[in-house]
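Visitor: If you want the building blocks of each chain, they are given just below.
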Amino acid sequence: AQSVTQLGSHVSVSEGALVLLRCNYSSSVPPYLFWYVQYPNQGLQLLLKYTTGATLVKGINGFEAEFKKSETSFHLTKPSAHMSDAAEYFCAVSDQRGGADGLTFGKGTHLIIQP
Amino acid sequence: GAGVSQSPSNKVTEKGKDVELRCDPISGHTALYWYRQRLGQGLEFLIYFQGNSAPDKSGLPSDRFSAERTGESVSTLTIQRTQQEDSAVYLCASSLGVGVEWEAFFGQGTRLTVV
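One line per chain: the protein sequences are L and Z, in this order. Quick note: the first sequence uses the numbering used here, first residue 1, plus one each step. Quick note: the second sequence uses the numbering used here, first residue 1001, plus one each step.
Next comes chain L alone, as it looks inside the complex:
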């Protein structure tokens, strides 16, 4: 079984400030970890993913995330927020390499950017 916890259903930051969205997971096997972004009335777009290798992964739009096995975390960061980053962000885990259970998602974090 696997699960994902995203701390904070809403996060508000000022434009230009650091963005930090928290994600903790549980998995019985080494996980694959994902961050997706969802803009209003759109589907999910993959921001970045961790499968194997380097634990710091870089994604699109200046986002990056670090896999920390000891903390079972995969927090998403961006050094400087932009107004266009306002969206819903979902962390997800897969422990079957995309098999029958596909992805297990967190409940999402709504990122608000203050001008």
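Watch out, some of these pointers could steer you wrong.
Unchecked claim - Straight-line alpha carbon distances no greater than 16 Å define the calculated EDC-like cross-link-like pairs of lysine to aspartate or glutamate that follow: (1) Z:K1057 <-> Z:E1044; (2) Z:K1011 <-> Z:E1085; (3) Z:K1015 <-> Z:E1085; (4) L:K49 <-> L:E64; (5) L:K107 <-> Z:E1044; (6) L:K49 <-> Z:E1103.
By construction, these hints were calculated from the structure, which means they are not laboratory data.
Given chain L, work out where chain Z should sit, using these hints.
Guide: Same frame as chain L, but now just chain Z:
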């Protein structure tokens, strides 16, 4: 096509009516997933198809829900005798089997409103 296509994009139906949602996966993708996203919630796994294998229906919430897929092409999700709690965005995703480069590609979803 270039991406996962879902239709209709929006559907309003009366309580008790049946609805059919369609998903066209990316050509060549062997795996197809349906998820449900209720307002303010994360994504809930519904059903998974992998090639010609029997689908994993473990996520379907009731026997009013069913899905079909012909080979590795179009899938339809049918909800019979719709209820207000069925109101949600239904997202479809496809992927190229399993493996280290596994990634799910999502459509834009069908927003279902039961009135």
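Visitor: For the pair supplied as a hint, Z:K1015 and Z:E1085, confirm whether the alpha-carbon distance does not exceed 16 Å.
Guide: holds, 10 Å
Visitor: Can the restraint linking L:K49 and Z:E1103 be considered satisfied, given a maximum Cα separation of 16 Å?
Guide: Given pair L:K49, Z:E1103 holds - Cα atoms ~9 Å apart, limit 16 Å.
Visitor: Check the hint pairing Z:K1011 with Z:E1085 against an upper bound of 16 Å on the C-alpha distance.
Guide: holds, 14 Å
Visitor: Would the pair Z:K1057 and Z:E1044 pass a check requiring their Cα atoms to be no farther apart than 16 Å?
Guide: holds, 13 Å
Visitor: Has the given pair, L:K107 with Z:E1044, been kept, meaning a C-alpha gap of at most 16 Å?
Guide: Answer holds: L:K107 to Z:E1044 is near 9 Å, not above 16 Å.
Visitor: Given the hinted pair L:K49 and L:E64, is their alpha-carbon gap at most 16 Å?
Guide: holds, 9 Å
Hint check: no violations occur; every hint is consistent with the structure.
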